[in-house]
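Novice: Residue strings, one per chain:
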Amino acid sequence: MSVEARASQSAGPPIRRARLHAGAALWRRPWLKGAGLLLPPLVIFGVVYLGALAILLVSSFWTVDSFTGKLVHTWTLDNFRIIFSLSDPTYLRIAGRTIGIAAAVTLTDAVLAFPLAYFMARVAPPRVRSVLFVLILLPLWSSYLVRIYAWQTILSGGGVLDWSLRKAGLPTANIAYTNWAMWLVFSYVWLPFMVLPVYASLERIPHSYIEASRDLGARGFRTLRSVILPLALPGIVAGSIFTFSLTLGDFITPLLVGGPGSSFIGNVVYENIGINANVPFAAALATIPVAVMAVYLVIARRLGAFEAL
Amino acid sequence: MRRVRKIHLAVAALLCALIVPAVAVSGGNGSGLPTSIGKGEGSLNLIEWSAYSDPSFAKKFEQQTGCIIHRKDAGSSNEMVALMRTGGGGGGGQYDLVSASGDASLRLIYGGDVQPVNVRLIPAWKDFLPAFKSPAHNTVKGVHYGVSVQWGPNTLIYNTAKVKPAPTGWASIYSGKYKGKLTVPNNPIQIADAALYLMQTKPSLGIKDPYELTQDQLNATVSLLKQQKPLLKRYWNYATDEITSFKNGDVWMGAGWPYQTLQLQGAKAKVKEIVPLPTTGWADTWMLAKKAPHPNCAYMWMKYVTTAPVEAKQALVFGETPVNPKACPFMNKLEAGSCAKYHLNEPAAYYSKIKFWKTPVAQCGWKSGNDCMDYNAWQRAWTQITG
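Protein chains in written order, with the numbering used here: chain A, 1 to 309; chain B, 1 to 387.
Please note: incorrect hints may appear among the correct ones.
Once the Cα atoms are required to be at most 35 angstroms apart in a straight line, the calculated DSBU-like pairs of lysine-lysine come out as [stated by the list, open to error]:
#1 B:K179 / A:K167
#2 A:K167 / B:K272
#3 B:K177 / A:K167
#4 B:K133 / B:K60
#5 B:K59 / B:K326
#6 A:K70 / B:K303
#7 B:K72 / B:K353
#8 B:K272 / A:K70
#9 B:K367 / A:K70
#10 A:K70 / B:K177
Here are some chain B residues pointing at chain A (derived, C-beta under 7 angstroms) [claimed, not checked]:
#11 N237
#12 L262
#13 T383
Label-pair distances were calculated between CB atoms; the ranges are [said to hold, decoys possible]:
#14 A:V290 / B:G369: 36 to 42 angstroms
#15 A:W163 / B:R71: 34 to 40 angstroms
#16 B:G142 / A:W75: 35 to 41 angstroms
#17 B:P123 / A:F45: 43 to 49 angstroms
#18 B:S43 / A:R127: 54 to 60 angstroms
#19 B:S36 / A:H73: 40 to 46 angstroms
#20 B:R71 / A:L112: 40 to 46 angstroms
#21 A:L53 / B:R120: 35 to 41 angstroms
#22 A:L86 / B:K59: 54 to 60 angstroms
The set of hints was computed from the structure by calculation and includes no laboratory data.
All C-beta atoms in this analysis are idealised placements derived from N, C-alpha and C, irrespective of residue type, glycine included.
When you get a sec, could you build the whole thing from the sequences and use the hints?
Specialist: See the structure below:
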């Protein structure tokens, strides 16, 4: 006797019977269950995310009538020609600055996060570890904007930084409204996003590996270089995806702590949306971070970052 | 069956709600402009500069008309344009009025985001200073797209303790004497300030109007601004940014508005401002969104804010000058001498020395042809300078 037949005999009310039917169908075809679970996120991903990306890409080949502000739906490479123009490298300079600072911030965060994460994962007793966790996550409880404004105050002329340097008899840093200020603030705000994946990957290294390394005569540094770092690398790369992409897309920090000549791609995108609603040009600019991130993610995958996430 | 009837009713009610106010303000004088202001819709949605519907005068309006104000403060002209263009443009069927400055108003007019306004429904309009009745930034071919409300000059603000002797003209923000202690607004319209300066110092460029520049004139202006960039501490984005920078001593001198000076002096900072003539200035217009959902309340608001007592109050709240000279005695009543302080009593010649912001367009006003640089070109040039 088939499953359905038995179900229809035993079940009384029709609703219950239908439910059993459905359950049985799902049991016999496991892929149905998977599809049911995945369908809503897939629809959202496909329509909202990929759809938006597709529109972005398509509109970057259009232009705007500067007089009326209306879209002109003719295909042209003009936007890209302006961006990649070598005779006027304004946009290349801005893209270079954005990518350069994103890379510098990523490197800084990796260097700062590794020892901290190592201490938390392998040295600190459980209570110290939880205190450190709270301290690292604490800044995330307050608004990102508040923290940037706080930095604006710290770095400014009469701020804490220059005041302490002067008290210590050192020359003042005087880095308010410069690219150095941006680098510092970015490194600060994205640090937790680097610490957490690095911590996770370090914690996963079995202690026996380190013992084995020692048994084979390796000293501390050799163990770090040959055993711990290679195993922690996927975690560092995973963290770098966050720090790199978050910096790449930001426009508020350059606005608030940047100086003359601190515009990011995001700032130019923002300005172009506001002005004459030049969405096509903004879209063309926005393809740069998309392309950079695509390349970055391919490299990160090669380095095994997705296993560490 | 009953359900269907309910839906019909709802649709009919909705249609009525949409049509009735439209009928009320659209009169039959041929031009499609309303001839009278109908009954208020109970609500008014504004895109405004902060404090442009300050409760100190807006409360009374709400009580009188029953139009409850919902505000959306914008931080910059670009933000205003962007807000007006969300939801398909024309205010998106959400916003009624926008307090656009001259660098945004023509963009909104040519973009089809605002609609013509019958100035005869605004009684105070005939009292306005001549410069603000039909200014080029809100009136195109004799059609008014809103009513002027307030204006102010762009001023040179300086720290009295650090800048000695006091500056006398705009030359001081292009010279290296206070290198690293200067600030100017982060706004493409700032190009006009440099163009106006070049108009005085380099007549050979033939600049006739700082907002109507040919390619060569724009290039010359851009190179002046590129020389200025290393002298600056920062480009300020919001008025509060400039105030903070003056307060903590990062900046000693810069271009700004009377608003910043008043805020700084209110906080006991040692600053003063001068208005070196000629200068650029801004004038704001309440413009009616094309898809304004509450046009009657919008007209009532334009009527209300341009009356002399309200003009006086708003001028002193924000630190700007009314367009209605009848506000003068009311200003003096609120603060002795304030009418003269804000230059409301100046002769007509004074206004000709202030070049009010207007959106640059390709059509030159002073020569035939379309070879003037439009706002897109200005924006690109500004990115080139600052980026």
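Novice: All hints are to be evaluated individually against the structure, with a verdict given for each.
Specialist: Going down the list of hints, with the structure as the test:
no.: 1; hint: B:K179 / A:K167; result: holds (25 angstroms)
no.: 2; hint: A:K167 / B:K272; result: holds (31 angstroms)
no.: 3; hint: B:K177 / A:K167; result: holds (28 angstroms)
no.: 4; hint: B:K133 / B:K60; result: holds (26 angstroms)
no.: 5; hint: B:K59 / B:K326; result: holds (22 angstroms)
no.: 6; hint: A:K70 / B:K303; result: holds (32 angstroms)
no.: 7; hint: B:K72 / B:K353; result: holds (33 angstroms)
no.: 8; hint: B:K272 / A:K70; result: violated (44 angstroms)
no.: 9; hint: B:K367 / A:K70; result: holds (26 angstroms)
no.: 10; hint: A:K70 / B:K177; result: violated (45 angstroms)
no.: 11; hint: N237; result: holds (6 angstroms)
no.: 12; hint: L262; result: violated (22 angstroms)
no.: 13; hint: T383; result: holds (6 angstroms)
no.: 14; hint: A:V290 / B:G369: 36 to 42 angstroms; result: holds (40 angstroms)
no.: 15; hint: A:W163 / B:R71: 34 to 40 angstroms; result: holds (39 angstroms)
no.: 16; hint: B:G142 / A:W75: 35 to 41 angstroms; result: holds (39 angstroms)
no.: 17; hint: B:P123 / A:F45: 43 to 49 angstroms; result: violated (58 angstroms)
no.: 18; hint: B:S43 / A:R127: 54 to 60 angstroms; result: holds (57 angstroms)
no.: 19; hint: B:S36 / A:H73: 40 to 46 angstroms; result: holds (42 angstroms)
no.: 20; hint: B:R71 / A:L112: 40 to 46 angstroms; result: holds (43 angstroms)
no.: 21; hint: A:L53 / B:R120: 35 to 41 angstroms; result: violated (51 angstroms)
no.: 22; hint: A:L86 / B:K59: 54 to 60 angstroms; result: holds (59 angstroms)
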